[in-house]
Amino acid sequence: MSGPLVPGGIGEHTSCLLVKLGQVVFRLAEDRLHELGLRVRHYSVLQALADNGPMSQLSLGAYLRIDPATMVSSLDDLETLGFAARTRDPEDRRRYVVDLSAAGRTTLRKANELLAGLDQHVLSDLPQRSHDSLRKLLAKMNEGDTLPGEFDRMRDQAGSTKMSSASSPSPR
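With the numbering used here applied, the sequence shown corresponds to residues 32 to 203, in that order.
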């Protein structure tokens, strides 16, 4: 079937376009990274460690805005693959510090090559000069106050809802 992903008047809403296009690009990224045994969340952890150096597990989760359960699962996967290692923090034995392994660095280079190719593929309907403009606009949204603030607000609200429902007596 040919035609727009977001048809008719629905496509007049930027939010509707971003949702659908984001879903498709996410699936494509997952498919590409699968070749390396990774998912997008694994890639994010590896890239964050490459950008920042060793980090505590808690700091890494906060930096990526990943909930603790997902972070533990992602790190378990990356350790099993030999791409990252958790060690006890010598300054605070209660904490874990996470770092990239040599295999993780090699895999990250390959992942970045795959994602660069995917970027070119998904932007192939746009003139080349528009690629950087789109990335810059998306980066402004990513680094602005609105969407990061909304994400944090929703996450905090979901956390307080879980906490209040856990402390509320169950109906009889």
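In case anyone wonders, no lab produced these hints; they're calculated from the structure.
Small disclaimer: the values here were computed from a predicted structure and weren't measured.
Treat each hint with caution, since some may be false.
Distance condition first, Cα-Cα at most 16 Å in a straight line; then the derived EDC-like pairs of lysine to aspartate or glutamate [what the hints assert, rightly or not]:
#1 K141 / E43
#2 K167 / D150
#3 K141 / E61
#4 K141 / D187
Here is how each hint holds up against the structure:
no. : hint        : in the structure
1   : K141 / E43  : violated (37 Å)
2   : K167 / D150 : holds (14 Å)
3   : K141 / E61  : holds (14 Å)
4   : K141 / D187 : violated (35 Å)
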